[in-house]
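There are 4 protein chains.
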Amino acid sequence: MSSVFGKNIICSIFGQSHSAGIGVVVDGLPAGEAIDLERVAAFMDRRRPGRNPGDTPRRESDAARVLSGLAEGKTCGAPLCAVIENSDTRSGDYEKLRDIPRPGHADYPLRVKHGGHNDIRGGGHASGRLTAPLCFAGAVCLQLLERRGVSIKAEIQQIGGVFDSEAFDAVILEARERGDSVGGVIACRAEGLPAGLGAPMFDGVENRLAAALFGIPAVRGVEFGAGFAAAGMRGSGHNDAYRLEGGTIYTGTNHHGGVLGGVTTGMPLVFRVAIKPTPSIARQQQSVDLKRMEPAALSIGGRHDACIVPRAIPVTEAVAAIVLLDFMQEKPYGF
Amino acid sequence: MSSVFGKNIICSIFGQSHSAGIGVVVDGLPAGEAIDLERVAAFMDRRRPGRNPGDTPRRESDAARVLSGLAEGKTCGAPLCAVIENSDTRSGDYEKLRDIPRPGHADYPLRVKHGGHNDIRGGGHASGRLTAPLCFAGAVCLQLLERRGVSIKAEIQQIGGVFDSEAFDAVILEARERGDSVGGVIACRAEGLPAGLGAPMFDGVENRLAAALFGIPAVRGVEFGAGFAAAGMRGSGHNDAYRLEGGTIYTGTNHHGGVLGGVTTGMPLVFRVAIKPTPSIARQQQSVDLKRMEPAALSIGGRHDACIVPRAIPVTEAVAAIVLLDFMQEKPYGF
Amino acid sequence: MSSVFGKNIICSIFGQSHSAGIGVVVDGLPAGEAIDLERVAAFMDRRRPGRNPGDTPRRESDAARVLSGLAEGKTCGAPLCAVIENSDTRSGDYEKLRDIPRPGHADYPLRVKHGGHNDIRGGGHASGRLTAPLCFAGAVCLQLLERRGVSIKAEIQQIGGVFDSEAFDAVILEARERGDSVGGVIACRAEGLPAGLGAPMFDGVENRLAAALFGIPAVRGVEFGAGFAAAGMRGSGHNDAYRLEGGTIYTGTNHHGGVLGGVTTGMPLVFRVAIKPTPSIARQQQSVDLKRMEPAALSIGGRHDACIVPRAIPVTEAVAAIVLLDFMQEKPYGF
Amino acid sequence: MSSVFGKNIICSIFGQSHSAGIGVVVDGLPAGEAIDLERVAAFMDRRRPGRNPGDTPRRESDAARVLSGLAEGKTCGAPLCAVIENSDTRSGDYEKLRDIPRPGHADYPLRVKHGGHNDIRGGGHASGRLTAPLCFAGAVCLQLLERRGVSIKAEIQQIGGVFDSEAFDAVILEARERGDSVGGVIACRAEGLPAGLGAPMFDGVENRLAAALFGIPAVRGVEFGAGFAAAGMRGSGHNDAYRLEGGTIYTGTNHHGGVLGGVTTGMPLVFRVAIKPTPSIARQQQSVDLKRMEPAALSIGGRHDACIVPRAIPVTEAVAAIVLLDFMQEKPYGF
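Sequence order for the protein chains is A, B, C and D. Residues in the first sequence are numbered consecutively from 1, following the numbering used here. Residues in the second sequence are numbered consecutively from 1, following the numbering used here. Residues in the third sequence are numbered consecutively from 1, following the numbering used here. Residues in the fourth sequence are numbered consecutively from 1, following the numbering used here.
Hints were generated in silico from the structure; no laboratory data involved. These figures come from a predicted structure and were not determined experimentally. There could be a bad hint or two in this list.
Heads up, the list lumps identical chains together, so a pair's fine if it works in one copy or across two of them.
DSS-like cross-link-like pairs, simulated, lysine-lysine; straight-line CA separation at most 30 Å [what the hints assert, rightly or not]:
1. K291 x K74
2. K96 x K7
3. K96 x K153
4. K291 x K153
5. K291 x K331
6. K74 x K96
Work the whole structure out from these sequences, hints included.
Written out as structure tokens, the structure is:
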């Protein structure tokens, strides 16, 4: 099920970087929900290249066309399908890479997996381009969540080891000038979730969110609440004491990040994802010619991002929205 | 599907900390595999309390009885079920906690989720006790992996912020003396995996491993390869150049941790999990009496671990074994 | 996922006919539901051999021991596991059958599937014995359904081509006397289901019920409403006209069997299952010795049912109960 | 997961009868398989209306456009997506039906399920139109099966109770003239399957095939081998004796229909589906106006099939192909 995920809300992503089209089918959305497609397009715009320094100069038209799932502007219970046509693709750029796998990309393992038949143009199905339909699906889910009092907001915590947000552009541009790239960390926060969503062990909020977040290309780590920093804390400092205010239970601190044992506590859900530096860099790299079985130097042309972290912000929100709406479709206790 | 996971190898975990028994059903194991139950028991012993300083003084008999799935000592294609009887349980210790949720535990969110009907004794189904059957399943899978040339080895990277392995015991004992607890980080490495396992996007090695690893109570973060540190690196430093030796492709460095785009590269699979400090501490904590709806101080008696990191080592290996064997049951290209 | 099924209510069945024990794990039951274990035992008794003419003389103690999932007699949100110990097993009866597959049984295809490592004793995991834990799970689900106003009742429609219920015993006994066996058809009816359960296409009531019902050994056909007879009807006669009475929509006839396009209409759900004659018969049969690769005559000793239809009645109800409760756990429109 | 099915080969169907487009995403196809799109189109043509007497006069252009999943004419490991644009839709025909559910259609239960927000035009997502993308997916799978030595062939067994194939057209035309419709039975046979595919209990060939076949609108029954007729047979007559010829095991008769206990035997897989008479008929019918809550007479205009059985033949083959290829993607014993 490489590109299908979800339980109540099931997303099926399709497309390759350079195929005729890419898109998503979202099955299981509750019916009767008005979808503002202009807001969806505005959300998707946040992912489009060309808005941040260091973005790829490739111009994507991310205009998503809805093929099904709506009737009179509202969800109708049928699967929602949206398609984005691919246009500005320069497949010629990639032909020479057929036998020389790019370091840091999935070229080599996919070649083994698919016996050399994988679509290498632009990264094929493993391309970051596939996060566009993911953003479509997430933008739709965000509207439903908003109607249920849930908001999701991601932001950059650091770029290339620098935590000062005013320096982010400079860090990215410096990397670009050197023919290099940088990664970063995105922090995401969901507010308004009810307590009691999820389950212990293998089907809880952390399990399903992590599984989906690792579906974003370049994500190398996922942590909740204090995350890896919790490893250095004492229990007395890490435990969040319960408090009471106006009949509401809450915790003053939020080291648990809104989820304990897989189940939401009603406090803000907080998680972070680590994003590696873009593997496509202008600098020459060392690889192997798999046909001739000999070392080969590789210079990646094409048009690439020096840092995908800014564009990964809406993608992170989108994935969180899809997973959290899925949990909210579970029947709660007592109904 | 709170306690069921897997695609080809499906584990279903059952039991509560203080129920009559706990156990696991493993469906989908290939037939004809001899299982050395003594080695399984030895593996489970590594998880048993009482072996490390700071372990709970609670004595568990983790003797697992196989109810089904074997015929003449070999897997027979039927689901493998093993049961561990619970004996040394002191349920009385927990009764007073019914209405006062313990900070850092799932008591409160589970109370909301289950309308107060969850089994609070010993943490119920959310207890670390449930990792015993997980170890059983993992120990079985490890024997099959070993036969296929795959080994898995986890070790402690840090305890409570200290990276010097000789100081681990002291850190734990100091926390215990202060009525406190510590967490840590476990690093795990799987060698011998073929290239080409997994898939891009949502059903790859990172997705499924992360989802399963977050099923281990107290895990708060999962990272692959360089993980969060990748965020601070440049692409030129993070990319692992391909090399050739004796007809074999490999990478000299392994920042990618053996998996690119969800698919294994044939290099050692490397991941780390962050484990929070045990939430059960002797020190008095602040909570709320949910019945009287008033603040309540809480002192947790019972018998608890000051640090579960040493006991989580085999659990991490077990989870990795189950997930990786599952991937190895996929039909590879060309068959 | 050979022995796991369900979406919100997930059953995992384990055991072989002659393994130490058999049982079931039921994950996803709503919490706070009192389970009357005596009624569960009484339900399971209906499946036990020895109650009907033609039953196997084998005596099964189907006493199911609950290992987990209950707290103070109520479901607690943790997986419910019940185990039945196997005792009266005569494995010696089967040894000679190792290389000579019994016609009508899964011996031969399972031998191929598992490379000869399947447990042949008593049919192993493919044995009708495995319907005992299924009945446990179903009996539990029936109590929850009853509390929600849903009742399920199955009955024999025909035995061996005879539709007169007073002649059933004679038909079975005659077959037994001739060293032969008979099959039959069971009709099942669920009342009280709300309209709107299920979904069109692949995840509706017919899809999931049929998939589960074919899990009952010996079931060879499943039909809903008029079923195969619908093929001989005209649309004008088959369509059920809607009527109105006291503000309630209903249909005067029920050829649709309570489900249209995968979704319940609120009318009684009606389906039938065809059960083949028990393949184990006393008469000599023709088979092949797979070791010597030569023809071999086969006389099946052991203790067998001349007709399993009567014992399959509670099994049919049980399967229906599990699947229907699963559907009732879906969040309905508007919540 | 209303419109998603499969384990290794996952199909996600989308679209409504009158939405902008309909289509399918097929995830999990092995890579490197050449797909002859002309043969796919020819297969889909068999489902198109207008080829049989009694077909709807509606003209569908079923031209499927492949958006992704192929590279240089071969599968590339990425999900295969095909879209069919909807054009000849007359939505006006349906507006008056909004509040008056058509007997025999899913209008009423879907109205309840979706709170009245389902797309009623042309049956929406529950329309037989959705079998067009299913045929696309099946036609692709058939090419892969053919390459693996497996063929699938369905044919009409009876129409409206008449088993003489030469009379089928007359039966259908007579029904049409009377403003009525007829159903029928389709028999399907798959040859060349290896023994050992599937599994006992809940994930075998019957389970998954039946679940998928009930996804074809109007299917009311599914049976394997002798099916419901087995209920009237004796074990001695129903059991298929094993024979040996040239080192090959086979059965002279095939009452078991190629599958025992969920697992293929290597004999031809034989099943039948019962198809109800088309619910859309010209004759006036009785229904209820759900807005005014009063009885209402209903005459269905629009363009409809007097019998969909002929068009359901390729659909049956398509569904069988998808499910059987899925099973063939399981890793067999010993690999």
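Hint check:
no., hint, in the structure
1, K291 x K74, "between (53 Å within a copy, 20 Å between copies)"
2, K96 x K7, "neither (41 Å within a copy, 36 Å between copies)"
3, K96 x K153, "neither (41 Å within a copy, 39 Å between copies)"
4, K291 x K153, "neither (46 Å within a copy, 34 Å between copies)"
5, K291 x K331, "between (55 Å within a copy, 25 Å between copies)"
6, K74 x K96, "between (47 Å within a copy, 20 Å between copies)"
Violated hints for the displayed structure, listed by number in ascending order: 2, 3, 4.
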